[in-house]
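Construct the complete structure from the given sequences, taking the supplied hints into account.
So the protein lines, in turn, are chains A and B.
Counting from 1, position 274 in the first sequence corresponds to residue 274 in our numbering; the numbering is continuous, with no gaps.
Position in the second sequence (from 1) plus 1000 gives the number in our numbering.
Just so you know, the hints here were simulated from the structure itself, not pulled from any lab data.
Fair warning: there could be bad hints in the mix.
Listed below are the simulated DMTMM-like cross-link pairs for lysine to aspartate or glutamate, each with C-alpha atoms no more than 20 Å apart in a straight line [to be verified]:
hint: 1; chain 1: A; residue 1: 288; chain 2: A; residue 2: 139
hint: 2; chain 1: A; residue 1: 756; chain 2: B; residue 2: 1092
hint: 3; chain 1: A; residue 1: 729; chain 2: B; residue 2: 1028
hint: 4; chain 1: A; residue 1: 766; chain 2: A; residue 2: 139
hint: 5; chain 1: B; residue 1: 1190; chain 2: B; residue 2: 1028
hint: 6; chain 1: A; residue 1: 54; chain 2: B; residue 2: 1092
hint: 7; chain 1: A; residue 1: 759; chain 2: B; residue 2: 1092
hint: 8; chain 1: A; residue 1: 751; chain 2: B; residue 2: 1083
hint: 9; chain 1: A; residue 1: 756; chain 2: B; residue 2: 1085
hint: 10; chain 1: A; residue 1: 681; chain 2: A; residue 2: 812
hint: 11; chain 1: A; residue 1: 751; chain 2: B; residue 2: 1062
hint: 12; chain 1: A; residue 1: 186; chain 2: B; residue 2: 1092
Small disclaimer: the values here were computed from a predicted structure and weren't measured.
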Amino acid sequence: MASLAPTFGRGAMTNTWQDIKNANLVIVMGGNAAEAHPCGFKWVIEAKIENGAKLVVVDPRFTRTASVADYYAPIRPGTDIAFLLGLIRYLLEKDKIQHEYVRAYSNAGLIVKEGFAFEDGLFSGYDQDKGDYDKSSWDYELDEQGFAKVDDTWEHPRCVMSLLRAHVARYTPEMVSRICGTPQDKYLHICEMIAETAAPDKAMTSLFALGWTQHSVGSQNIRAMAMVQLLLGNIGVAGGGMNALRGHSNIQGLTDVGLLSNLMPGYMVLPSDHEVTFDDYMKTRQYKPLRPGQTSYWQNYRKFFVSFQKSMFGDAATAENSWAYDWLPKLDIPLYDIIKAFEMMNHGEMNGYICQGFNPQQAFPDRGKIRRGLSNLKFLVTMDPLDTETSRFWENFGPQNPADSATIKTEVFQLPTTCFAEEEGSLINSARWLQWHWKAAEPPGKAKSDIWIMSQLFHRIRELYRKEGGAFPDPILNLSWNYTDPREPAAAELAKDMNGRARVDIKDESGATVLKAGQLLDTFARLRDDGTTDSGCWIFTGCYTEKGNQMARRDASDPREQGIAPNWAWAWPANRRILYNRASADLEGNPWNPAKPIIQWNGTKWVGIDVPDYGPTTKPSESVGPFIMNAEGTARLFARDQMVEGPFPEHYEPLESPVPNILHPKVSANPVARVFADDRKAFGSPSEFPYVATTYRLTEHFHFWTKHALINSILQPEEFIEIGEALAKEKGIAQGSWVRVASKRGHIVCKAYVTKRIKPLSIDGKPTHVIGVPLHWGFTGQARKGYGANTLTPSVGDANSQTPEFKAFLVDVRSVSGPEV
Amino acid sequence: MADLQSQNYIRRSASTLTPPSARNHEDEVAKLIDVTRCIGCKACQAACMEWNDLRAPVGTFEGTYDNPLDLDPHTWTLMRFTEYENEQGNLEWLIRKDGCMHCEDPGCLKACPAPGAIVQYANGIVDFISENCIGCGYCVKGCPFNIPRISPVDHKSYKCTLCSDRVAVGLEPACVKACPTGAILFGSKKDMTDWAGERIVDLKSRGFENAGLYDPPGVDGTHVMYVLHHADKPSIYAGLPENPKISATVEFWKGLIKPVALAGIAASVVAGFLHWVIAGPNKVQPEDERQAEHLLSEERRKRESGENPYIGGGGAA
Chain A
1 MASLAPTFGR
11 GAMTNTWQDI
21 KNANLVIVMG
31 GNAAEAHPCG
41 FKWVIEAKIE
51 NGAKLVVVDP
61 RFTRTASVAD
71 YYAPIRPGTD
81 IAFLLGLIRY
91 LLEKDKIQHE
101 YVRAYSNAGL
111 IVKEGFAFED
121 GLFSGYDQDK
131 GDYDKSSWDY
141 ELDEQGFAKV
151 DDTWEHPRCV
161 MSLLRAHVAR
171 YTPEMVSRIC
181 GTPQDKYLHI
191 CEMIAETAAP
201 DKAMTSLFAL
211 GWTQHSVGSQ
221 NIRAMAMVQL
231 LLGNIGVAGG
241 GMNALRGHSN
251 IQGLTDVGLL
261 SNLMPGYMVL
271 PSDHEVTFDD
281 YMKTRQYKPL
291 RPGQTSYWQN
301 YRKFFVSFQK
311 SMFGDAATAE
321 NSWAYDWLPK
331 LDIPLYDIIK
341 AFEMMNHGEM
351 NGYICQGFNP
361 QQAFPDRGKI
371 RRGLSNLKFL
381 VTMDPLDTET
391 SRFWENFGPQ
401 NPADSATIKT
411 EVFQLPTTCF
421 AEEEGSLINS
431 ARWLQWHWKA
441 AEPPGKAKSD
451 IWIMSQLFHR
461 IRELYRKEGG
471 AFPDPILNLS
481 WNYTDPREPA
491 AAELAKDMNG
501 RARVDIKDES
511 GATVLKAGQL
521 LDTFARLRDD
531 GTTDSGCWIF
541 TGCYTEKGNQ
551 MARRDASDPR
561 EQGIAPNWAW
571 AWPANRRILY
581 NRASADLEGN
591 PWNPAKPIIQ
601 WNGTKWVGID
611 VPDYGPTTKP
621 SESVGPFIMN
631 AEGTARLFAR
641 DQMVEGPFPE
651 HYEPLESPVP
661 NILHPKVSAN
671 PVARVFADDR
681 KAFGSPSEFP
691 YVATTYRLTE
701 HFHFWTKHAL
711 INSILQPEEF
721 IEIGEALAKE
731 KGIAQGSWVR
741 VASKRGHIVC
751 KAYVTKRIKP
761 LSIDGKPTHV
771 IGVPLHWGFT
781 GQARKGYGAN
791 TLTPSVGDAN
801 SQTPEFKAFL
811 VDVRSVSGPE
821 V
Chain B
1001 MADLQSQNYI
1011 RRSASTLTPP
1021 SARNHEDEVA
1031 KLIDVTRCIG
1041 CKACQAACME
1051 WNDLRAPVGT
1061 FEGTYDNPLD
1071 LDPHTWTLMR
1081 FTEYENEQGN
1091 LEWLIRKDGC
1101 MHCEDPGCLK
1111 ACPAPGAIVQ
1121 YANGIVDFIS
1131 ENCIGCGYCV
1141 KGCPFNIPRI
1151 SPVDHKSYKC
1161 TLCSDRVAVG
1171 LEPACVKACP
1181 TGAILFGSKK
1191 DMTDWAGERI
1201 VDLKSRGFEN
1211 AGLYDPPGVD
1221 GTHVMYVLHH
1231 ADKPSIYAGL
1241 PENPKISATV
1251 EFWKGLIKPV
1261 ALAGIAASVV
1271 AGFLHWVIAG
1281 PNKVQPEDER
1291 QAEHLLSEER
1301 RKRESGENPY
1311 IGGGGAA
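Printed below as a string of structure tokens:
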């Protein structure tokens, strides 16, 4: 979500699953929704059948999604930015943008500082030695009051629109085709289909997933399409949006509650060690509006932060101790992501690991490196309902896991946990809905809930601190823990903590008490920075109120049958279903598409089928922008300093690529991608590993879980790779025969599926072959043993999200006589 | 299935008696499989396995997404995938859910020599009544779609029941309930035919000039129908028969030979009776016991080793 927040203000799917049915055009690129999200895909089918929508698929392979598409075009893995910047060039050249929308709702007219430049693949401010950017030139020119200067005629040479035109000029249809291998006629046909949705009453929805994120330029892939959608006026409207389809039932919840090494709940940022005091920390988080009168909702950051600290530490967090700011961990480096963690294990710098609901032995790149890292630990704790490969990494399973158990000293504690059906709680889906679920069965054996396990750990650790002191006991000793059963807090109790409470009586302007001390808050608008409110995750405030558990609501009524059922579960923020829905209306407040309105201005307030993502009585004439989280009030075509590799996306080749970057051979790959020196040594060259490989899921399986289920294993029993007919013929590989696929990091031996669904692409005149590697197989479970795709993949992270580059790397393939023994 | 619904029968194999047909006021039902909105997710297969409590052995990958590789006594429905290059040179990935078509004029039922082993209900569903099945395999020969499979364990024939047990209590078949994209629908044959008509209009507007409904007249229509993008070429969908008919042999058997054959069977019954009178009843010999044990242990071994014992049931016709 490291691309949607810099563009629109929030890192989440903008619309809902149901809303997809309102689209006129559905583009699936950077994902395979039918394969990975078959249930949600019903709304695409609904759009086709009930709304006459067309479905376009752009993918290296002809996928299950492509099998029901109206139009398909192939693309080389890792070149989506070239395709999309070419599309922007096409839209600008043919003048197929929604002018009024772009002028008012994007930063197209804002003027960028003198000094900003882009040359030979690098933006201004690059420091060759540090391998990093000084981003100070990536910003607006400000006037005396500190507001960004603007030229709404778009004639100023340094206004965002002028810079964007110049930036995309290189991406001609010929260039796009040379880089992507997409035939020009197919590419232009798709541009034409997309351009039609620039009409105010037409909408395109973009559905994407890990096909975009799992690249060294993953966040910028998404940025590029977000810019396309802005130019077309497709954000905030019914049937539009940037719809990040999440790969786990609760992965949206993971980022929402800040389970990344540098985040806190509600997208607040963990302090770094140079932010010594609370005041230092707040200095860069004032988020003053950059245009007059804008909402810039992050101005309330202090209220969210103080309420979080009160939730954590209760009465122990006071104004005098700066709300216990000192008790928070401070980062000494920008982040400790998973790639970094395994790098540290390999260097002996991390020697204990608690692995909760996670199977890195299967899920993280370069399996050999993962195994070496785990082997270097003193202890490993796994918490999982399944017997994962990670918990058995030390055991020799033959060539699929050739561990030398005698040399491994890691002590492994395998704690069986309940699975979702054996506990109650909430899951947050792609569309930001917090949906409550109830326990359906007792857990087997000695399985315990994650909450029980963590509580037991907490009590024992706190006891040790109480008895023995220790270097820094304060945060542990002062942690609030007010639950009916302290050994196992109820899910509902934790949900109420997240929601937050009034700590004193709260009065309205007339002096009447609206909430008594101790009552649950109904909206985050009530949060204060004086310690009188608490909330564990401000974006969730409203999910569990004095009216009860809003997440448990199950009223499916949908007033306009437009896919918005406001009383079904609860969506953050404030039960809004379509983010930025103010942008569904024009400047006067009338819907761009009268057939599918979301909210509109009735003369005194905003009314409609959704909660306005806007001041409910803010008049259209006040010119407050619809992107209320952004200091500009508009969405960003130019991302300022929010993206690590530049304010505009640029085509960089994958770290392992068959060709140099045609546009700037000297800066071929992302100059700021996350790569450790040791990992760089494990990159293969095209002379040795001439074929492009990409990894993906199959619909029969869910990651590495369902191979433990018999029915799924029957439906897709065994590891295989997919290879086009041309390359198979060249290599003498017969249908269903055994092959060995190798990267610089390892090899797998499995069966080959020789298919017409992958065709060689012509890249800069040279034929380039793609090999598909489904990722599900490991050495535990009911399916046949497999090596796992991560045996092959490189340890490379996206510069913004550190997501590994699983979708584009190099391999070699050859026929072998049979399995390894 | 157990034979609990005999009053619903409109046809009964190898029977001269007319079934009572007490429920002949019922609508004929149909399952409509819209191939053009199917994404091949196999939820229908999983649901079929769950509802009917069937588990085929974990197989192997053999260069196709068809898994298990063929219909078998544990696999009553199966997605079949075909990579097809059309006249424009564009690829189409045709995915067809295979299984019993529930013919209005069922070749299996006509071919079956075991009284009451195959029946047809008033709603059109063709069902196998296992306890009456003698495992002779005539239904396999009689089926123009190559659907039934004989279990080597109990020597009974198995196929999709169209969830007759669910339908009887007003539920849709399990595959229909599980389908996430609405590609499998269930209702009266008339409603399904009407809905198919609407789908065909949409498909024609998207350039599929030959879109149409597959409801083959050679078997008087079927209670499982397909919407196809290329109804002029059913065989491109993993060998869906162009014009399925009951084989001449079966028709011949039903028409002329059957009375003669039945006379032969009657004669053998008489001979059996005489044998019993003269030589006493047959006893299970130790040899038979050993044979049965061997078959069971062989089956267990195959299941444990994951070997699929049902390969060779033959691909679709």
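Hint consistency between residue 756 (chain A) and residue 1092 (chain B) [alpha-carbon to alpha-carbon, up to 20 Å]: holds, 10 Å
Distance restraint between residue 751 (chain A) and residue 1062 (chain B), which requires alpha-carbon spacing of 20 Å or less: holds, 8 Å
Agreement of residue 759 (chain A) and residue 1092 (chain B) with the hint, judged by alpha carbon distance not exceeding 20 Å: Satisfied, since the Cα-Cα distance of roughly 13 Å is no more than 20 Å.
Proposed proximity, residue 139 (chain A) with residue 766 (chain A) (alpha carbon, max 20 Å): violated, 40 Å
Given hint residue 1083 (chain B) paired with residue 751 (chain A) - CA-CA distance at most 20 Å: holds, 19 Å
Holds or violated: residue 288 (chain A) to residue 139 (chain A), with C-alpha atoms at most 20 Å apart: Given pair residue 288 (chain A), residue 139 (chain A) holds - Cα atoms ~14 Å apart, limit 20 Å.
Pair hint residue 1190 (chain B) and residue 1028 (chain B), alpha-carbon separation not exceeding 20 Å: It holds: about 8 Å lies between the C-alpha atoms, which stays within 20 Å.
Hint consistency between residue 186 (chain A) and residue 1092 (chain B) [alpha-carbon to alpha-carbon, up to 20 Å]: holds, 16 Å
20 Å limit on alpha-carbon distance, applied to hinted pair residue 756 (chain A) and residue 1085 (chain B): holds, 9 Å
Hinted pair residue 681 (chain A) and residue 812 (chain A), Cα distance within 20 Å: holds, 18 Å
Pair hint outcome, residue 54 (chain A) versus residue 1092 (chain B) [Cα-Cα no greater than 20 Å]: holds, 16 Å
Given hint residue 1028 (chain B) paired with residue 729 (chain A) - CA-CA distance at most 20 Å: Violated, because 51 Å separates the two Cα atoms, which is more than 20 Å.
Checked against the numbered hints listed earlier, the structure breaks hints 3 and 4; every other hint is satisfied.
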